[in-house]
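Q: Spelled out, the chains give:
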Amino acid sequence: MGTYVVRRLLQSIIVLIGVTLISFVALQIGGDPTYLFVSENATTEEIQRAREMLGFDRPLHVQYLSYVWNALQGDFGNSLSYRQPAMQVVLEAMPATIELTIFSLVLAIALSIPLGIYAALRRGKPADGGIMTFAMLGQSIPNFWMGIMMIMVFGLYLRWFPISGHVPFLDPLFAGDFETAFTNLPRSIHYMIMPALAVGTYTLARNARLVRSSMLEVLQQDYVRTARSKGISETRVILHHALRNAWLPVVTMIGLEFGFLLGGVVVVETVFSYPGIGRLVFNAINQRDIPVVQASVILIAVIFIALNLIVDLIYARLDPRVKL
Amino acid sequence: MPDSPYPGDIDAERQSAPVSHRRKELRRAFQSMVASRWALLGMGILIIVTFVAIFGPWLAPFDPNRQNIMMRLLEPGEPGAGDLTYWLGSDQLGRDVLSRLLYGARVSLLVGVTAIVVGGVLGTVLGLVSGYFGGWVDDVIMRLGDIQLAFPFILLAIMFLVVLGPGLVNMILVLGIGQWVTYARIVRAQTLALREKEYVEAARAMGDRTVSILFRTILPNIMAPLTVIASFNVASVILSEAALSFLGLGVPPDVPTWGSMLSESRDHLFSNKWWMAVFPGLAIVFTVLAFNIIGDWLRDFLDPRLKENH
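So the protein lines, in turn, are chains A and B. Just so you know, we're using our numbering here: the first sequence kicks off at -14 and counts up by one. Just so you know, we're using our numbering here: the second sequence kicks off at 407 and counts up by one.
Source of the hints: derived by calculation from the structure; they are not laboratory data. Hints may be right or wrong, so weigh each one.
[Said to hold, decoys possible] Simulated coverage check for chain B against chain A, where a stretch passes if three residues somewhere in it have a Cβ under 8 Å from a Cβ of chain A:
| # | region |
| --- | --- |
| 1 | 544 to 555 |
| 2 | 560 to 569 |
| 3 | 610 to 617 |
| 4 | 666 to 674 |
| 5 | 693 to 701 |
Glycine included, every Cβ here is placed at the ideal spot set by N, Cα and C.
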């Protein structure tokens, strides 16, 4: 176990270094990055001054080392439009995005498991066909279009859900104000249901198929047949014997799923004017606010790496079959 | 990853009886497709979309970029100037939604397919090298893959496209390079398994050059899983392209794309101009659906062992 943890940690550090390298390359790939930081009608002197101030006149390896050094301290320069440190702007938007991502993950998993099991138990029947058709469609719908359609139908026409905005839950929770956090929770969920469904539909559909096929496989195993032949009730066989093994593939995917959902959240947030990283990045793209884009992407990559590390370590502890 | 469904000496078989063998394979493919109604549906949609992508300019009733302020935001079916009808309505600049939709098919298919070619070729070559040679080359290539996968893909694409600026070539390169890891990992795993097979050893013993062993002996035997992945991959690349266009990072504004049409539709949701959002979205859904269905079918057809329980 010890060597596995060390090896996995080292791997994560290498990946982190790679992340800084890729983002540095992204910054340089279009030529002299100074032009990204000055206005279009800047004079030659102004450009030169900016180049020196930002350090883009130094040799590349020096630039990279100082980039890494600054990144380690969370310093990506000042946001060009907010006139504040970029990382600070990003961190302020982070809790809302995390809330939405976790909520859509929970929603997707909570719905996909029963749907997958039900389809497996009704294999070949209309219910199975219906669920699988829905799953096939769910994997083909762009998340942001799903959001637009939900706004049109459930927001504007039926008026069931608010079409934009956000009521914070994590923010007051982290600030230690539990009362506000939990009074906010129902409204917070009400605001998040549509964006979370839009983000999570793909994951929901894919996992429903995954659960179904692994359930079908498990149901043919000897231990299930043994359990049945012992006269145990069907419900108990399914919940106790089959389900436990059938949802393992889903658990394994959670770490990766989270990163995938984060990517989706970024796009869907702009549809719902949801005040998280996605909308921030969207505005930053339009204003070519490079520090904010870089800080957001790197922060998300770091969260993603940490999460995968944690999931792997937990999984290695839970499943003795993983070689340590 | 199971072995390729083909027996090892498929090359020899093909060379001895190429025509009849291939014809038989094709007939089997056709029969299997007809047997699965889903696959037939997917193929049908694909043929229509391809047809539209090629012949769009002849089918479109209007120039997709022709603005006509008098004809702004017409509802679907409303007659426009002269005897031409805006069958799917017009947008905020009076451009015909149907014509833009037909032209948009080009961008989606072009980007989807070429990005897969770029990513597929790059990933396959790196995967072959990685699996065949092993050692530090393998380590470097696979770590690079890990690093790339540390970013949620859409964010990585955003980071590069913001700097590179929008454009068809940039879009294809970024989307293509974004896909190489998937191919490299699969090709590597398969190459590792095939490297020790007798017929590869035989090729080595006969003095074949490494390049020839990689591309003529190993590659043909791992095409099946690659084809399956490529089909699913086209679907996800089309979705990514739409998302990036939606965010304003796609191709220049004078090229109509489904994603950018959706982006423009957002400003008109409140005034209930539903046609601006519904039709481009449906176009994306059906195209992506077709590739997903074909991917499913290909997987079952090429490698029955991978078949999901139906």
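Q: Mind checking, does the region 610 to 617 of chain B have 3 or more residues with a CB under 8 Å from chain A?
A: Since 0 is below three, the answer is violated.
Q: Take the region 693 to 701 of chain B, compare each residue's beta carbon with every beta carbon of chain A, and decide whether three or more fall closer than 8 Å.
A: holds (count 4)
Q: Go check the region 544 to 555 of chain B versus chain A for me, would you? Three or more residues, Cβ under 8 Å, otherwise it fails.
A: holds (count 5)
Q: According to a criterion of three or more residues whose C-beta lies within less than 8 Å of a C-beta of chain A, is the region 560 to 569 of chain B covered?
A: It holds: at least three residues are needed, and the region 560 to 569 of chain B offers 8 whose Cβ sits within less than 8 Å of chain A.
Q: Check whether three or more residues of the region 666 to 674 of chain B sit with their beta carbon closer than 8 Å to a beta carbon of chain A.
A: n = 3 at 8 Å, threshold three: holds.
The earlier numbered hint that this structure contradicts is number 3, and it is the only one.
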